[in-house]
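> Those protein sequences? They're chains V and H, same order as listed. Positions in the first sequence are counted from 1; adding 6 to them yields our numbering. Positions in the second sequence are counted from 1; adding 1 to them yields our numbering.
Don't take every hint at face value.
[Stated by the list, open to error] Some chain H residues judged to face chain V by a derived CB distance under 8 Å, without partners named:
1. V59
2. T61
3. W64
4. K89
5. T93
6. K108
7. M119
The set of hints was computed from the structure by calculation and includes no laboratory data. We put the beta carbon where it would ideally sit given N, CA and C, even for glycine.
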Amino acid sequence: MRSPAPVRTFGGLKLSFAESPWLHIGWRNLGRNRKRTVLTALGLAVGFFAVVFIVGWSQGIMVEMVENATSLVNGQIEIHAADYRPERSLYDTIGGRAGTDVDALLRTIDADPSVVAAAPRVYAGGLISTGQATLAGMFMGIDPERELTLSRFLDPLVEGRMPEPGRNELLIGEEMARQLSARLDDELVVVASGADGSMANDLFTLVGVFRTGLAELDGSFAVMPLGDLQTLLVLAPSRIHEIAVATTDPWIAETTAAGLDDVLSSSDRAIEIVPWTTLNPAMVDYVALGEAMYFLIIIVVFSIAIFGVANTMVMATYERRREFAVMLALGATPRAVGTVVLHEAVALGVVSLVLGAVMTFPLMVWFHTAPPDMSWAIGDVTIMGALLSPSLRVEYDVPFWIVSAMALFVTTILASLLPAWRAARVPPADTLSGL
Amino acid sequence: MSDPQRPGLLRPTVFVAALVLFASVSPARGQTDPRDIIERIDRLLRGDSSRALATMEVVTEHWERQMTMEIWSLGTDYTLVRLRAPAKEAGTATLMAKDNIWNYLPKVDRTIKIPSSMMGGAWMGSHFTNDDLVQESQMIDVYDVAVAFDGERDGVMVWELRLTPKPEAAVVWGHLEFLVRQDDHVPLWAKYYDEDGELARTMEYSEFREFGGRLVPAVMNMQPADKPGERTTIRYEELEFDIDVDPSFFSLRTLQRGR
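Okay, chain H solo, but in the shape it has when bound:
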């Protein structure tokens, strides 16, 4: 979570990733304006709430570990993640509210707010950074979207969308690329490029399943480009939408309650 040697990379969230998944909801066939696609993703997420049970597998050069976590979210402002396994760290929880992140550490029974200087640090030892977990702006506000490719690839009709930061946008990426399947608007992968145009990391979406009536990729696999062989894989075991939760749930009290 706090390895300062890991470069601060990203803005869009794990759960933005998750957001992107939700893009798949009720695609409007024939809709080809890329801005609309991206905008719908964001709009769908605002005001949307969810609860998920997921496993996160992290593989690095030095170790491999698997965690089980329960995730609650409300819009893009609030997310609460609580580890259920491994036993040693069960109860460890992260609360993201607006731009802030707090970690609850059950071993010492303390809550720590992540200082802004550490927002680029790895979250829970994964290849996601703390920054990834807090997403404040809509992608459509931050990026210009263009269709880089429209046609058949590997027998599937796809769009390749290129997202370029607007001049005034404070983002760490040079540009992003999304590959979106045309018939159901499901994202297949996202590539993150740094300011020099070098690939920094790749997120792959796979195993599309119906959760709560929505088609969602159950597996997200993040691979840093500079560390071949390393990856973080998140797999949704359970996922439900429009749960009964309000902003007061995403409080330090809930964080420390350790349900």
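Only chain V is shown next, with the shape it has when bound in the complex:
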């Protein structure tokens, strides 16, 4: 731009920025009224900032929502006996009544390269009591070591430590602990229907309290080592209800599930491998809806900006009617005059984009790496069963930034189409004669 190619004919139409005299002229025209140019460019830059930042924040919420829905407790994929869902009966263990070789199954799942972690689980409903207070609860039997690699809700604990297998130790949620007025080292009575029909009951020692932030879980879940729960329920060690699987990325869960299905279904187990997208289709729809909204945001923001830019360009070209008349009188084609105006718009777009980038990216980096904690203003928010922390974390989305930048240029060009057309149609003789 600094060293324009020699001006040839006014009629030539060159779009190559490096050589184009038009862009050079457009750039210099912007300098005629710097204040006006800067204000217009600032308008566009703020539009760019708004679009990128709002969408980045919205994506941050989506990512956290999916992340929490799939890694706080559940895992991205759940493996069950084929008929386990939706009743989730105590008897529908993987492999049926005979159970399955849990270790071999876990080894097979671990072998998949897209699997980060896999953990076996046993579930049963029942009662949990301190003697004074009794609550209905859901008991979750876990392999403590494997569970910590898969879900996040047990690390860190609010207080206490993880239960050790074989010692009848358990964890309960913070809300349950509050309702039971239970403290660490209290003995809790656990009652459930055993698989043999007996009223299974035993004493467990409370060794820790967890918090997910999800009221339903914190108020009703009790977590204990798998073997202890199986013993209580009179279930053989080979009988588990679920293997939860974590994948490297929530959005490959479907592919991984299909891959695991190929490997695991070859055996005679009737199992169901369900990715979170199937378990929580509403959330998938929600994310898709959000993505559709992003483009709506672009359209709305730049639709507002387009009038500001058009106003500036109309003013700028009206002032220069005499200049255009001279160009036309000297033999420039109307098309060449229009091109000058359009290039001025492109140059304005470049200035705006630079301003917008300077404004946006430092804030994006800040809000991405160290999002401000808003917990002083709002508490935890739960959307579709997923917990959201009250922070303003933004996500990076380079393709979206490029789309936004293109939208900015489209805005400036659209806004200058009318002024360019009018500039090209200036009547030279009338204008120069002072009319």
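Given chain V's structure and the hints, the job is docking chain H onto it.
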């Protein structure tokens, strides 16, 4: 006892069932007002006390088990049930006083009050719910009674009574049907329908025997309609009425004493 997957169904008791049995006491022949029949059942039970030894056989898709239990009752407010067998669970006891239920668990030597959210849960793994065990109102107060059928069926003169909840009644059933034998007012079966009018479960009464001078069906068989092949059968081995017991017997102390 605490399977949350089992839907909460019923109000009338096992022992209401038992109550219904007691209906048979000294029928007034020629009495055909259905309200009187039902009312007498309730009135007879109020203030009535009993002690029974019964077996309960539970058959489900997954297991079968048999329990022997001793049952004390006083009116409709108080009942105490203590398991005598199987050995593993002997001593386990349930106390029902008014609307509350406590379970005593000898293995851990603790007593647990059943939270109200679990009143719909199965009692001792059977097809009865905890709710079935606590009956606070008289049936006559809760249901409108009508004779749906009066005549001969299978060679026996019977009434079929239809009990429809009064509008303000807090009951889980859509309506109940009782089949009552006319000559001795013995109930033959009771059917429980949900709010959609679908049959939910059927209680059958059979093997009528004299216990303490009263004609009582010694066997009650409960079948859930949605689980064919499953049933809970209670069989009275011993049953005596008007025993010497007062409300103080139905205490947490007695529950934990584990006689």
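> Please go over all the hints and tell whether each is borne out by the structure.
Outcome of the hint check:
Hint on H/V59 holds. Least Cβ distance to chain V is approximately 6 Å, under the 8 Å limit. Look at H/T61: its Cβ gets to within about 7 Å of chain V, closer than 8 Å, so that hint holds up. A distance limit of 8 Å between C-beta atoms decides the matter here; for H/W64 the minimum to chain V is near 4 Å, and the interface restraint holds. Checking H/K89 against chain V: minimum C-beta separation of about 7 Å stays under 8 Å; hint holds.
Checking H/T93 against chain V by beta carbon gives a least distance of about 6 Å; that is within 8 Å, so the hint holds. Against a cut-off of 8 Å between C-beta atoms, the interface hint on H/K108 holds, since the closest Cβ of chain V lies about 6 Å away. Given the 8 Å rule on beta carbons, the hint for H/M119 holds: about 5 Å separates it from the nearest Cβ of chain V.
Violation of the numbered hints given earlier is absent; every hint is satisfied by the structure.
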